[in-house]
Amino acid sequence: RGHLIVAVDRQLHYRSEHIVQLAVASDDGPSLADHWQTALRLHPDTIILDTLQDATEARALLAAVAAGITVIVQVPTATNVEALEYLVQLELNRSNLSRHLLVVSERRSLPRICPVCRTPRPCTEEEALLLGVSDATRLVEAAGCDHCDGGYRGHRTVYGLLVGDDTCATALRSAEPLATALGNGRLSPPLSLASALRAAALSGEVAFEHVHPLLQESTG
Numbered sequence: 001r002g003h004l005i006v007a008v009d010r011q012l013h014y015r016s017e018h019i020v021q022l023a024v025a026s027d028d029g030p031s032l033a034d035h036w037q038t039a040l041r042l043h044p045d046t047i048i049l050d051t052l053q054d055a056t057e058a059r060a061l062l063a064a065v066a067a068g069i070t071v072i073v074q075v076p077t078a079t080n081v082e083a084l085e086y087l088v089q090l091e092l093n094r095s096n097l098s099r100h101l102l103v104v105s106e107r108r109s110l111p112r113i114c115p116v117c118r119t120p121r122p123c124t125e126e127e128a129l130l131l132g133v134s135d136a137t138r139l140v141e142a143a144g145c146d147h148c149d150g151g152y153r154g155h156r157t158v159y160g161l162l163v164g165d166d167t168c169a170t171a172l173r174s175a176e177p178l179a180t181a182l183g184n185g186r187l188s189p190p191l192s193l194a195s196a197l198r199a200a201a202l203s204g205e206v207a208f209e210h211v212h213p214l215l216q217e218s219t220g
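No gaps in the numbering here: position 94 of the sequence shown is 94 in our numbering, and each next residue is one more.
One should not assume that every hint holds.
[Claimed, not checked] The following label-pair restraints were derived from C-beta to C-beta distances:
hint : residue 1 : residue 2 : range
1    : 132       : 45        : 38 to 44 angstroms
2    : 125       : 145       : 27 to 33 angstroms
3    : 159       : 15        : 22 to 28 angstroms
4    : 99        : 186       : 19 to 25 angstroms
5    : 43        : 135       : 55 to 61 angstroms
6    : 122       : 144       : 16 to 22 angstroms
Note that these hints are calculated values from the structure, not bench results. All residues carry an ideal CB built from backbone N, CA and C; glycine is no exception.
Work the whole structure out from these sequences, hints included.
Pasting the structure below:
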């Protein structure tokens, strides 16, 4: 669409002809800082960074954002709140986050129930409570057939989003701990990971037993 995207990778996770990819060498080649400067000189619309490891890199990220570049960075944490806490520890203070944060995306990959042999079953009272439905709702369970591996075929990736809207910005600027200010990840509930997990279970694509521990984790 006419946008220039540059990826700066410590590890090359994928290749694409649609973006400029700069791989950080593990020996005496160009460092991440060298590649970052190269990326900035290209005046890209977006920079993708596979990890953010220290305060120096965090400051470089902020400089790019201040120059009008969208930066997408992968953060190795379990939840969106923990990801923001990780960034704060790297001197991306909450005031800066409140001004510049666009969105935090978290994802889980779960076994997909085989559509050929999946079997409907009644919903228990506990399941109905966690899913926010009546106990008349029916879920599905894995059965197993010649088309699958023990009732499962492939995986279903589930995504949750924390949008950096005015509500999120206000929470980030508050003096409360991040987990409290952001409601333990429950801001923007229709887009949350918990909401997406419930939808996946109710659609019959994912077994409740795979969703259950993640729902308990995301709702505290």
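- Kindly confirm whether 22 to 28 angstroms is satisfied by the beta carbon distance between residue 159 and residue 15. holds, 23 angstroms
- Query: Quick one: are residue 132 and residue 45 within 38 to 44 angstroms, going by C-beta?
  - Reply: holds, 39 angstroms
- residue 122 versus residue 144 beta-carbon gap, inside 16 to 22 angstroms or not: Distance hint for residue 122, residue 144 holds at roughly 20 angstroms.
- Item | Range hint 19 to 25 angstroms (beta carbons of residue 99 and residue 186) holds or violated | holds, 23 angstroms
- Message: Taking the Cβ atom of residue 43 and the Cβ atom of residue 135, is their distance within the range 55 to 61 angstroms?
- Response: Hint holds: Cβ distance 58 angstroms, inside 55 to 61 angstroms.
- Range hint 27 to 33 angstroms: satisfied by the CB atoms of residue 125 and residue 145? holds, 30 angstroms
The earlier numbered hints are all upheld by this structure, with none contradicted.
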